[in-house]
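**Q** The task is simple: from the sequences and hints, build the whole structure.
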Amino acid sequence: MNHKILSYIHQESPIHRLTGAAKLIGFILWSLIAMITYDTRILVVMFILGIMIFLSSKVEFRYISFVFYIFLLFLFINNIAIFLFEPMQGVEMYHTKHEILHIIGHYTLTAEQLFYQFNLTLKYLTIIPLALLFMVTTHPSEFAASLNKIGVSYRIAYAVALALRYIPDIQRDYQNISLAQQARGIDLSKKQKLTKKLRYASSILMPLIFLSLNRIETISAAIELRGFGSQKRRSWYHERPFTKEDYLAIMLIILLFVFSMIITFLDGNRFYNPFR
Amino acid sequence: MNSKVLSIKTVVAIGIGAAVFIILSRFGSIPTGIPNTNVETSYAFLALMSLLYGPVAGLLIGLIGHTIKDAVFYGAPWFSWIIASGVVGLLIGLAASRIKLRDGKFGIKAIISFNIIQVITNSIAWFLIAPTLDIFIYAEPANKVYIQGLVAGAANIVTVGVLGTLLAIAYAKTRPKKGSLTREL
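If you read the sequences in order, they're chains A and B.
For any residue, its number in the numbering used here is found by taking its place in the first sequence, counting from 1, and adding 577.
For any residue, its number in the numbering used here is found by taking its place in the second sequence, counting from 1, and adding 1164.
Don't read these hints as lab results, they were simulated from the structure.
Quick reminder that beta carbons are idealized off the backbone N, C-alpha and C, glycines included.
Check before you lean on any hint, since a few could be wrong.
To be verified - Footprint (simulated), chain A over chain B, 3 or more residues, beta carbon under 8 Å:
id	segment
1	1176 to 1188
2	1207 to 1213
3	1297 to 1303
Unchecked claim - Okay, derived cross-link-like pairs now, DSS-like style, lysine-lysine, Cα gap no bigger than 30 Å in a straight line:
id	chain 1	residue 1	chain 2	residue 2
4	B	Lys1269	B	Lys1173
5	B	Lys1273	B	Lys1337
6	B	Lys1264	B	Lys1342
7	A	Lys770	B	Lys1341
8	A	Lys774	B	Lys1173
9	A	Lys773	B	Lys1269
10	B	Lys1337	A	Lys773
11	B	Lys1269	B	Lys1342
12	B	Lys1341	A	Lys809
13	B	Lys1342	B	Lys1273
14	B	Lys1273	A	Lys773
15	A	Lys774	B	Lys1337
16	B	Lys1273	B	Lys1341
17	B	Lys1337	B	Lys1173
18	B	Lys1337	B	Lys1264
19	A	Lys774	B	Lys1269
**A** Shown next as structure tokens:
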């Protein structure tokens, strides 16, 4: 049950040197572009840019490979599901029909469908390098500080910091409880009936939840004793002032955002159509 | 932000709640066979937290928990479903404000109203909000996302109905009831 999760890795690179707030703003705008546009030209440029940015961070691929493979599997299944459910989605979207291969029944492979699914896949592939990069190059405490810096209430930012801080602890709790209950005879194998699975799940859930509720009491007493929440603002140990590079990075991403929006909506809708 | 809405206990409950939500959605889920869709025990926990700490905590546990879960385990947040998770936490917390679980009160009446609330809430979130946002943001085929929403919503209704109710009953039993002490003469 030793599942790996993405976490911060300390290194030296231009991307690591950027402050958390700059990276957060950059990542939010980048995801927004990738979500809004269906313009293949923009997506291809962003995909190449994304890979270049990833390479410049000097993060080794093996640190993120496990998540990347899960993601590729998801993309693969998702693409197949889309084709099974709606083989004519592309035809509806682009209003033309170029048949390539008739498979069976109403399953016909069309150029439009291929192009639509290519775009969809490309959208995910543009977000993933930067999302992974953001996770491994931003220290959790600095991330909370940056949330506060871009205008999120510091109480909420602190809640996010707490969540990130306690994930490993609660994972350990979960594993201990699970092993203890297995020692007492619950069977977590896949062959069980659903009702039994639910009962076994709740025998882990109950202790975990009561443990966590106690933890909430302890932590809130501790931070209240230290004066949390008595002032309107708070300072952050990991906060860093903006440098020239940060302003430059933010300006570049805003330029990219404006430029992509203009190209995307120039011809009236989000979808770039090469079939007309 | 108003400090009455976000008391220190609520802030901590959001943080720890989000962490538990993340761990449960990673380890406590059972696949249903449809892509990207599982029976999630984490939603039973989310419902309990909304009952205990109110709508703001429910909303933020859903939003933060789901975002971090997507980011650390799958690499990219899936915003349409993240928003739906937040809505579940918010609506259960809003509608169930009359259930006084903290005072150890969770009788038949409360169980019935909790379940009516959770069925309505989950239906709004998974049959309506999640698939509609999927189409709007990601332009995925309508019948694929509505079937995914239908399966996920039905699974969540059953999970919250069974596990969520059991959790709330178990919690109520650990609380001293109001006025349960009698004076010895």
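**Q** Please list, smallest to largest, the hint numbers that this structure does not respect.
**A** Hint check: 7, 8, 12 fail, others pass.
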